[in-house]
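Produce the complete structure using the sequences and hints provided.
Which chain is which? The protein sequence lines are A and B, in order. Residue 427 in our numbering sits at position 427 of the first sequence, with consecutive numbering throughout. Residue 198 in our numbering sits at position 198 of the second sequence, with consecutive numbering throughout.
These are calculated hints, taken from the structure and not from any lab test. Quick caveat: nothing in here was measured; it's all calculated off a predicted structure. Do not rely on the hints blindly, as some may be mistaken.
Computed cross-link-like contacts, DSS-like style, restricted to lysine-lysine with a CA-CA straight-line distance of at most 30 Å [said to hold, decoys possible]:
id	chain 1	residue 1	chain 2	residue 2
1	B	Lys53	A	Lys135
2	A	Lys135	B	Lys59
3	A	Lys357	A	Lys301
4	A	Lys420	B	Lys53
5	B	Lys79	A	Lys135
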Amino acid sequence: MSPFTAGHGRAGRVPRTLVSIGIAATLVAGIAACSSGGAVAQSSSITVAVSSAPLSLDPAKNSNTADSQLVMDLAYEPLINLASDGTLTPGLATSWKYTDSTLTTFQLKLRSGVKFSDGSKLTAQTVVDSIQHEKTANGPVAIYVNEIKDAKAIDAHTVQLDLVRSNPTIGLTLTQRFLIGSIVGPKGVANPDSLGTSTDGAGQYMLDPKQTVSNDHYTFVPNPYYYDKSAIHFKKFVVRVIANPQTALSALKSGQISYAGGAFSTATQAKGDGLVVNATASSWYSVFLFDRDGALAPALKDQRVRQALNYAIDRKSIVKALFGEYGTPGDEASIKGYEKDGFDPSYNDHYNYDPAKAKQLLAAAGYPDGFTLTIGATAVFGDGVELAQAVASDWAKVGVTAKIQTYSTVGDLVGPWLGKQLSGTTGEYDAQPMYIFIGQGLAKDAGTFNPFQTEDPKLTSLINAAYAETDQSKLPAAWNAIQRQVVDLGWFVPVGSGDSLYYSVKKLKGVALSPTAFVPDPTRFHF
Amino acid sequence: MLRALLRRLLLSIPLLFVVSILTFVLTGLTPGDPAHTILGTNATPAAIAAINKTLGLDKPIWVQYWHWLTGLVHGDLGKSIFSSEPVTTILANSLPITLTLIIGAVIVSVLVGIPIGVASAQRSKSSGQLIDAFSLVGYAIPPFFLGLLLTLLFADTLGWLPPSGWVDPGEDFGGWLLSIVLPVLTLAIPGAAIVARQTRQGMLEVLSRDFIRSLRARGLSGRSIVYRHALRNSLGNVVTLLGLYVVGMLLGTTLVETVFAMQGLGSIAVVATNQHDLPVLEGAALYFTIVVIVAFAIVDVTRAALNPKLRTR
Numbered sequence: 001m002s003p004f005t006a007g008h009g010r011a012g013r014v015p016r017t018l019v020s021i022g023i024a025a026t027l028v029a030g031i032a033a034c035s036s037g038g039a040v041a042q043s044s045s046i047t048v049a050v051s052s053a054p055l056s057l058d059p060a061k062n063s064n065t066a067d068s069q070l071v072m073d074l075a076y077e078p079l080i081n082l083a084s085d086g087t088l089t090p091g092l093a094t095s096w097k098y099t100d101s102t103l104t105t106f107q108l109k110l111r112s113g114v115k116f117s118d119g120s121k122l123t124a125q126t127v128v129d130s131i132q133h134e135k136t137a138n139g140p141v142a143i144y145v146n147e148i149k150d151a152k153a154i155d156a157h158t159v160q161l162d163l164v165r166s167n168p169t170i171g172l173t174l175t176q177r178f179l180i181g182s183i184v185g186p187k188g189v190a191n192p193d194s195l196g197t198s199t200d201g202a203g204q205y206m207l208d209p210k211q212t213v214s215n216d217h218y219t220f221v222p223n224p225y226y227y228d229k230s231a232i233h234f235k236k237f238v239v240r241v242i243a244n245p246q247t248a249l250s251a252l253k254s255g256q257i258s259y260a261g262g263a264f265s266t267a268t269q270a271k272g273d274g275l276v277v278n279a280t281a282s283s284w285y286s287v288f289l290f291d292r293d294g295a296l297a298p299a300l301k302d303q304r305v306r307q308a309l310n311y312a313i314d315r316k317s318i319v320k321a322l323f324g325e326y327g328t329p330g331d332e333a334s335i336k337g338y339e340k341d342g343f344d345p346s347y348n349d350h351y352n353y354d355p356a357k358a359k360q361l362l363a364a365a366g367y368p369d370g371f372t373l374t375i376g377a378t379a380v381f382g383d384g385v386e387l388a389q390a391v392a393s394d395w396a397k398v399g400v401t402a403k404i405q406t407y408s409t410v411g412d413l414v415g416p417w418l419g420k421q422l423s424g425t426t427g428e429y430d431a432q433p434m435y436i437f438i439g440q441g442l443a444k445d446a447g448t449f450n451p452f453q454t455e456d457p458k459l460t461s462l463i464n465a466a467y468a469e470t471d472q473s474k475l476p477a478a479w480n481a482i483q484r485q486v487v488d489l490g491w492f493v494p495v496g497s498g499d500s501l502y503y504s505v506k507k508l509k510g511v512a513l514s515p516t517a518f519v520p521d522p523t524r525f526h527f
Numbered sequence: 001m002l003r004a005l006l007r008r009l010l011l012s013i014p015l016l017f018v019v020s021i022l023t024f025v026l027t028g029l030t031p032g033d034p035a036h037t038i039l040g041t042n043a044t045p046a047a048i049a050a051i052n053k054t055l056g057l058d059k060p061i062w063v064q065y066w067h068w069l070t071g072l073v074h075g076d077l078g079k080s081i082f083s084s085e086p087v088t089t090i091l092a093n094s095l096p097i098t099l100t101l102i103i104g105a106v107i108v109s110v111l112v113g114i115p116i117g118v119a120s121a122q123r124s125k126s127s128g129q130l131i132d133a134f135s136l137v138g139y140a141i142p143p144f145f146l147g148l149l150l151t152l153l154f155a156d157t158l159g160w161l162p163p164s165g166w167v168d169p170g171e172d173f174g175g176w177l178l179s180i181v182l183p184v185l186t187l188a189i190p191g192a193a194i195v196a197r198q199t200r201q202g203m204l205e206v207l208s209r210d211f212i213r214s215l216r217a218r219g220l221s222g223r224s225i226v227y228r229h230a231l232r233n234s235l236g237n238v239v240t241l242l243g244l245y246v247v248g249m250l251l252g253t254t255l256v257e258t259v260f261a262m263q264g265l266g267s268i269a270v271v272a273t274n275q276h277d278l279p280v281l282e283g284a285a286l287y288f289t290i291v292v293i294v295a296f297a298i299v300d301v302t303r304a305a306l307n308p309k310l311r312t313r
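Structure (structure tokens):
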């Protein structure tokens with residue numbers, strides 16, 4: 001009988017409602033008691049979360065974002081392992097060296113007795129085939145693998161890489177951070193489509209397709225052929241996709257997951273909730289000015305104008321507002337921790353906040369009343385929209401108007417960006433050794449971060465000098481000289497460095513990171 | 001009735017066709033493409049061209065559509081551009097999640113909303129105002145916000161329910177029940193408010209009719225009048241409203257699935273839209289349309305069951 005039936009007295013209704021609530025609560029409690037759904041993961045298994053699903057399970061078609069890297073690390077052991085302190089340690093290769101003084105030939109000695117999860121043996125030829133697969137896949141990491149002109153099997157366990165030019169960073173490029181050292185087994189190379197729903201690596205784990213639902217969760221089980229079974233800490237490693245940071249935080253608190261990527265907006269809350277906030281400086285956040293020849297906004301052709309844009313922003317306030325305690329103001333196209341690879345501490349804070357000087361420079365360049373430029377931004381690329389608004393607010397004080405075009409995704413932003421429709425964009429750039437940054441953002445043919453193919457004679461000369469330098473001890477000075485010229489040119493308007501953040505429960509150990517290895521290696525996790 | 005249903009189902013075929021064309025055209029008109037999504041900030045014009053060629057995206061859109069349509073005729077919805085997984089497999093994983101949330105929300109809305117509506121129709125004016133207020137709040141509160149509030153209370157603070165994720169009922173039935181409580185409640189609270197308000201209004205209208213007075217005069221019990229006659233006559237509009245609510249809920253599930261990290265149809269469609277994964281997006285659009293068609297067919301059948309006059313049309 002319904003408690004709401006006409007004619008029933010109030011006295012009879014209230015207790016029944018309470019009884020109903022009681023029954024419902026008992027049912028929920030009972031179900032909770034017999035369910036494993038909300039329980040903390042057992043030591044034999046672990047569940048972690050990423051904010052987005054990997055683009056593919058094929059390293060050649062994946063991007064080297066933190067989320068993708070975590071999934072790839074489980075199944076694909078790299079040729080060279082990037083330890084949490086940033087040093088290079090053995091992976092599938094036990095040793096490596098340049099075999100010539102020009103740093104254009106690199107040899108790796110492979111570990112013997114290694115098998116892929118499909119049971120095939122690791123040989124020099126499988127490495128060569130995997131690198132060839134990466135070259136033909138045209139994936140996001142193609143820009144790194146294209147540094148390799150040719151890969152040869154010298155003998156069964158020796159691989160030689162011929163490089164397109166003198167490259168002092170090829171060892172780092174072959175680590176898990178850049179994915180091209182994540183070698184795919186022969187069956188995967190022969191049938192790349194199979195790598196959409198399965199893995200074929202020589203890593204600790206392999207995907208269990210039966211326990212996996214794409215875009216929702218990926219279940220990994222130990223690779224039965226892994227060469228060091230004692231290093232495998234879990235019988236089951238589940239990676240869930242939780243896009244909403246608040247939901248990820250709730251899942252961590254409830255014990256559903258043990259680890260997740262963090263965000264500046266939730267870091268304080270995570271700390272307050274008793275979670276471990278693992279942080280390291282990893283990226284520099286900036287307005288990337290592309291229109292350096294003034295094709296869209298003629299004012300930008302003048303170096304004084306670009307310098308004025310740098311003087312006009314209050315980095316300390318912006319960094320504090322956007323990143324809180326997890327940011328450091330700076331104006332170099334690099335971050336602390338890369339002192340040997342292009343970060344020059346003596347030149348940092350070159351552009352101290354000085355709106356008066358900014359106005360002087362604008363006036364001297366013929367723009368006393370400022371000018372207008374259009375920049376692109378997306379919230380999912382370095383908190384780009386907030387960053388753009390903060391910078392635009394400071395620029396407005398010196399008469400410069402920034403029209404902000406916002407986009408939903410990085411992919412949507414990159415179209416007009418490469419199509420030369422934007423004078424610049426906001427975003428973050430994972431700090432790289434200067435050699436790699438030159439290839440992406442400074443050289444005339446750099447591509448993505450130099451879409452207008454701007455060239456500065458002095459910068460080109462410094463780059464060529466660094467390329468020609470074969471004495472590795474002299475390279476840091478060469479990289480620093482390039483950095484100083486980049487700062488002087490004002491091609492970028494950096495605001496500073498921001499940390500990579502990862503949350504973990506207290507009992508999870510092995511979550512370690514540094515500015516070079518800013519994505520924790522999940523194969524080191526243990527309870 | 002059967003003929004009308006068959007006619008509606010036949011009319012849905014051109015509707016599906018139009019939806020598929022619109023999805024293709026609108027996706028083609030929106031900025032971005034899969035190549036830019038894949039390459040991100042590592043994109044170069046040469047790499048973009050190479051990917052477009054590999055995926056067949058360099059061909060005119062009508063050629064791509066024809067290719068997709070011929071596949072559809074053979075029951076093949078294509079493969080995801082990113083995971084290479086068959087679209088039918090992806091949707092087969094996500095459809096049960098969305099249907100569970102919708103059906104669960106409809107059941108809870110009816111079980112809660114109708115008794116409240118019936119009771120309030122027989123009580124004072126103030127209870128009606130309370131129902132109106134409940135309805136307004138229930139309808140106005142965004143599902144995203146409501147979901148976060150419920151999570152904060154029942155998962156974060158009380159720890160009674162899991163805050164996220166879908167559990168396969170075949171593997172853990174109890175876990176499955178717990179996992180759907182919060183998302184279903186999130187969708188059902190506005191639904192119950194709407195159903196309660198509509199039921200109350202319908203009941204008040206029916207209870208004021210002459211035939212009710214005649215029934216009272218014949219000595220029928222109040223209970224029989226309310227449930228056998230008044231409620232039955234006032235439910236037609238409630239059912240129609242529920243049909244419309246289910247359609248509205250399809251959008252609601254997209255947000256709720258995001259809050260509770262469930263890969264239902266809505267989440268799949270959002271990811272596919274962001275990635276420009278056209279085969280998956282086409283499949284999701286078709287499934288959404290079919291859900292709408294089925295929902296309205298169920299509305300027709302239910303209304304006919306409640307009202308004998310409709311069965312002869």
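Comparing the hints with the structure gives:
For the proposed pair lysine 53 of chain B and lysine 135 of chain A, the alpha carbon gap of about 16 Å is at most 30 Å, so the pair holds. The straight-line distance between the Cα atoms of lysine 135 of chain A and lysine 59 of chain B is roughly 24 Å, inside the 30 Å bound, and the hint therefore holds. Between lysine 357 of chain A and lysine 301 of chain A the CA atoms are separated by roughly 19 Å; this keeps the pair inside 30 Å, and the hint holds. A hinted pair counts as satisfied when its Cα atoms are at most 30 Å apart, and lysine 420 of chain A with lysine 53 of chain B qualifies at roughly 22 Å.
A distance of roughly 23 Å separates the Cα atoms of lysine 79 of chain B and lysine 135 of chain A; the hinted pair therefore holds under the 30 Å criterion.
The structure fails none of the hints (numbered hints given earlier).
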